[in-house]
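We have chain S; now place chains C and A onto it with these hints.
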Amino acid sequence: MAQLLELTLNGRPRVDAVPDNMLLLDYLRESVGLTGTKTGCDGGECGACTVLIDDVPLLSCLTLAASVNGRRVDTVESLGENGELSAVQRGFHEKLGSQCGYCTPGFIMASVGLLRRNPAPSDDEIQEALGSNICRCTGYVKIIEAVKFAAQLNAEGTAP
Amino acid sequence: MEALHDFELVRAATLDDVLKARAAHPQSALVGGGTDLMVNIRRGIVTPPVLIDVTQVGELQAVNADEGALEIGASVTLNTLAQDDAMRRHYPVVAEAAHAIAGPTQRNMGTVGGNLCLDTRCIFYNQSEWWRSANNHCLKTTGDTCHVAPKSHGVCFATYSGDLAPALLVLGAEVDIASPSGTRTIPLNDLYIGYARHDDAVEGDGKNFLSLEAGEIVTAVRAANTSGLTSAYDKIRIRRSIEYPVAGVAVALLRDGDALVDLRVAVTGTNPRPVLLEGTAELCGGPLNDDVLQGLDALARDQIMPMKTTFTPGHYRRRVASVLAQRLVTRLYAE
Amino acid sequence: MNESAPIRNIGDYVPMVDGPEKVSGRALYTADILEPGMLAGRIYRSPYAHAEILEVDTSKALALPGVKAVVTGADCDKTFGVLPISRSEHPIARERVRYRGEPVAAVAAIDDATAQKALGLITMKVRELPAYFTSKAALALDAVDLHEHKPGNLERDVFFELGDVEEAFSKADLVRQSTYNCAEVCQNQMEMHAAVAQYDAVRGRMTVHASTQVPYYVHLMLSQILDMEMSQIRVVKPYVGGGFGARTETLNIELISALLARKAGGTVRTVVSREETFITHRGRPETDITLKLGMTKTGRITGVECECHQRGGAHSGYGVVTILYAGSMLYAIYDLKNVKYIGKRVLTNTPPCGAFRGHGTVDVRFAFESLLDQMAGELGLDPVDVRRTNYLNAPTFTDNDLMINSYGLPECVDWVERESAWRERRGNLPKGKGLGMACSHYISGASKPVNWTGEPHATVKIKLDFDGSVVVLSGAAEIGQGSSTILVQSVAEVLGLDMSRIRIITGDSDVVPKDNGSYSSRVTFMVGNAAIDAAQNLKQVLVQAAARRLEARPEDIECLGEVYRAGTQDTGASFNEVVEEALKDTGTITVTGNYSTIPESHGGRKYRGSAIGGTMGYSYSAQVVEVTVDEETGVVTVDKVWVAHDCGKALNRLTVEGQVQGSVWMGMGQAMSEETGYHDGLLLTANMLDYRVPTIQDSPPIETGIVESNDPHGPFGAKEAGEGSLAGFLPALTNAIEDAIGVRFDDLPVTPDRVFAAIEKRERALARAAARKKSA
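Chains as they are written, first to last, in this note's numbering: chain S, 859 to 1018; chain C, 574 to 908; chain A, 6 to 781.
Hints may be right or wrong, so weigh each one.
Here are the simulated DSS-like cross-link-like pairs (lysine-lysine), alpha carbons at most 25 Å apart as the crow flies [unchecked claim]:
(1) A:K453 - A:K611
(2) C:K881 - A:K766
(3) A:K544 - A:K519
(4) A:K519 - A:K83
(5) A:K778 - S:K1006
(6) A:K766 - A:K778
Far from chain S, some chain C residues (derived; all Cβ distances over 12 Å) [stated by the list, open to error]:
(7) A576
(8) D579
(9) L582
(10) G607
(11) G676
(12) M682
(13) D717
(14) A722
(15) G777
(16) N781
(17) D831
(18) A832
(19) C857
(20) L866
(21) G868
(22) G887
Since the hints were derived computationally from the structure, they do not count as laboratory data. All figures in this text were calculated on a predicted structure; none of them were measured in a lab. All C-beta atoms, glycine included, are put in the ideal place defined by N, C-alpha and C.
Here chain S stands alone, though its shape is the one from the complex:
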């Protein structure tokens, strides 16, 4: 069985027929080809698949594609303008918040979600907001630095 899915995906309206039993994660990766969003576990345990739905970080691996009908979905591919990296992307790149890069899109989207509601988070607030994302490389020290740097760039208006 399939249903009509109308959504705004990375700022563009889009209509697809999706099977009822298709996960949003698989829709994004396999149907649309937005492979930036990653699969890291067998469901809800790692945060690699985090996307924003109406600006709120959610796990696309536990969300049915058909259930985001009428909503706004943003993936890592939505970030940056005119080819420039966004503030959060620059933070993860320049402060080495990303090593192997596999958890990075999920961390970035959770961080974007955080900064959209709290532009100047404390270390504790960053740790609180990123608590659903697992990174196996960094020990998180530089991830916290990355988010703080991004907040600073945003405050200065020096990154898209």
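Relative to chain S, chains C and A alone:
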């Protein structure tokens, strides 16, 4: 790419939609955030033919809390609840419990109804289809043996792990239940039918742990305030995020001068139900002292029965639940 | 006069050259490869722990519409394995299954749902055999052998005694023995295992995209398993989502995908689940250690006796190497004489273990640094001073012939002692708080490669063409550790150019020179040196060209990166002009750089396997951990870590810090929350909820100091930075807990329930002692 079993998704917009779909599909399951159900579907643990998406149902989204009472709709997300100012002020135990669940992203998804009706958990149950099949399945699915206690004589020991239930139990909460044939309201404690003590003559166990009839759904939870009651929630987990409770404890108490006049303690993560400790009234009447704490410890030891359903040993879960209870009581009494 | 100067980057904070792709979602990992018509591969796994296979019936699966190929053990009678001496594993089990989850069949179908359905139609008949889930059970006299050629289930028995240990103990003022148990742990890298195999039936060629650390080994094993010429195979390593040693061997997933692709005559993508990634395993074995040390009252170690048993799992893998490292790496950190080592690598009916970060050294280091701390306490010595008393005198060779040239351990210890305010704070912290310290070390690449071919250890090529672009070609597997960045930095540094001029291509066997892969922390040292060699060769070509252009003698040419000139008065020629000149005779220029280790670094011949542990340079690390222990609940919180790492020379301070912090943190996971558990050989913890990798909320600040001992052989003086700081965390943590509450933990991980149980035990003992005192 994950191949889920074939099912139909009903995108409900109103409570009426939900109830109609329930009536049409008695084997359906409600899906809110999916942080419990979708994980189990992905592992082939449950295969409902119809899923009813309740996240967009307006009637289930209300949060009302004031000095007099609280009422929370079943589709309210856990983060909404955790961040609700009035809830934090008047019913801190509820906000604290909501905030302590899983991690922030799961809390953006998970709902109050989903957490109250959270499926019981067990290391022999929360595994893949291949795993469970290699282990000859278990009582909670299609098998005939409980691997936690092979001589359990048909009793399933899976553990209830919702954090909200104990918080709401110590407030004396009730749940609103709707079905295609009408509505009813019952004490929250009666929603759970799994045993507390091992030898309790109750109908339920880890497999049948909710008293909901076919077609019924939880629509809201409500509680009246008790003036002067203070409350708090705390839990032990191995990690601070992405964890079910090793043990979670909610406490509410009322102090009049030096006298402890009301004491309610509820525990999760230990039994096939959230356990509202019985006998706490007998501990009241005087000041809080070591005798009261030891009495509380005895009640906890008697009524909490963790089995080997988690990787963390049962002995620890039982003992640490009592430690948390005593700590919270001591703290609230001193406040 | 021009103002040109060579551009320097070595020693800076340099973001990774492939960072923009990773943060934008453009980096393609194996599972991201989408090809129209691609088939989905799935693996049918044994539900039995140990059994003789009587029949595998795939007929119903094959008959299912949409199924394009089914393979079983019957499709491949070849074996694979990373060590030439122990290739006993079939990609798909034949005759026998030896662990629950071992592949028995595989399916390629038009989509995942069909493939999954087909697995449900496969059945197997077996005769079950006794299964052994512990080292002890597998070593029992009446145990059935897992492998016919390994009697007694002993994969490898190691013994050496260098010096006279009994004599050494008799001269000690204090001799202590303790036993330690470290639970099995998994790499659990974020990317689940995946492979895409493309078979070109017309040409008979195979291309495999694999999430691997060792494309070359995958190439070798594909040739062996498929019985195809190596020249007909191409291995591509896309972006890899972490490895930590899980991917330092060819994995059955890669081989099975290729078998399926050939049979189906098309492309098969196999992306396994997290559970299957856990089952594929290759993690650190459960290890039991009995350690005995002798010490003088001044803290000098007189002798060491260590017995180490590793539960290796059902196949050999790296097992022989792991058990040898555990013994040889007792050395090379302190000045040890009189060392006896007994190692047993055991075959059990559990998933095969492998080479987890810190390979072979971690659990033994935990035991060693724990006992050292305990004995320091008994002798009333400061643990820091006891380490100082036992420093090596570099340069030197150890008793087991390991070559040590640079030794920054003293500076590491000084750094953590100072930064943590150890002297002022230890012993003066509030109740429940404690400080602990420990040291550790690691190799910078095994000096003898696994496959000895006589070729250089590393080869790098640089291509220079008409456009003035410098393209580095390397087979070094970038897996997130930053190897590509280090190679670009090294080439840029030698040529004096900005890094933006340099591009790097890696990970495609059709294009890049062979490399042994990313393991044993070999890449910076070996491939880095090869890159420097290549860049120097290119520089010579350019200097020659500049000399022609400027009509000067080559020895008078000065390379300023963007400008080459003959003497300070000369305006010189631009880089592009020099390139134009250089290309005149030869066209496109390709230079080669090589690196080989020196024989002195190859370890000795004092015992069988003594080459293991030999390296060109050892990294050193010291750390101090501060903890708070909640004695009522057993919950331990790590408040802060101070770590100093001697990496010879930090080529890139940003990535060195990242590697050191990641190592410390991974050690924290092993020490505090990570462990596998089995139920009759079924992995209970094959998910990321029960296998508890620390979250950001559990993770402490890590103050990171870099010590630069400038190794004479290292690239720009560098040694490894990505493994050596892992092992130190484990004992530093338990030493800190001991400092906090007076209870020593010899078993890992130290989870709250274990702390709680130990405190209960301590309280009961105290109560008994009080009662005895009263009655007396």
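Review point. Is the nearest CB of chain S more than 12 Å from the CB of G868 (chain C)?
Key: holds (37 Å)
Check your understanding: When you look at the beta carbon of D831 (chain C), is every beta carbon of chain S farther off than 12 Å?
Key -> Since the minimum Cβ distance to chain S is about 37 Å, D831 (chain C) lies beyond 12 Å and the statement holds.
Exercise for review: Mind verifying the non-interface call on M682 (chain C)? Its CB should be farther than 12 Å from each CB in chain S.
Suggested key: violated (6 Å)
Check your understanding: Would you say D717 (chain C) is clear of chain S, with no C-beta pair closer than or equal to 12 Å?
Key -> holds (26 Å)
Practice item. Would you mind confirming whether the straight-line C-alpha gap from K519 (chain A) to K83 (chain A) stays at or under 25 Å? Key: holds (24 Å)
Point to revise | Separation of G887 (chain C) from chain S, once the least beta-carbon distance is taken, above 12 Å | key: holds (23 Å)
Review point. Is K766 (chain A) close enough to K778 (chain A), meaning Cα to Cα at most 25 Å?
Key: holds (18 Å)
Practice item. Taking the shortest Cβ-to-Cβ distance between C857 (chain C) and chain S, state whether it exceeds 12 Å. Key: Holds, because the least Cβ-Cβ distance between C857 (chain C) and chain S comes to about 37 Å, which exceeds 12 Å.
Exercise for review: With a cut-off of 25 Å on the C-alpha distance, tell me whether K778 (chain A) and K1006 (chain S) pass.
Suggested key: violated (58 Å)
Review point. Should the label of L866 (chain C) as a non-interface residue stand, given a Cβ cut-off of 12 Å to chain S?
Key: Check passes; 32 Å lies beyond 12 Å.
Check your understanding: Was A722 (chain C) rightly flagged as not at the interface, with every chain S Cβ beyond 12 Å?
Key -> Given that every Cβ of chain S is farther than 12 Å from that of A722 (chain C), nearest at about 27 Å, it holds.
**Study point:** Assertion that G777 (chain C) lies farther than 12 Å from chain S (Cβ)
**Key:** holds (27 Å)
Hints 5, 7, 8, 9, 10, 11 and 12, counting from the list given before, are not met by this structure.
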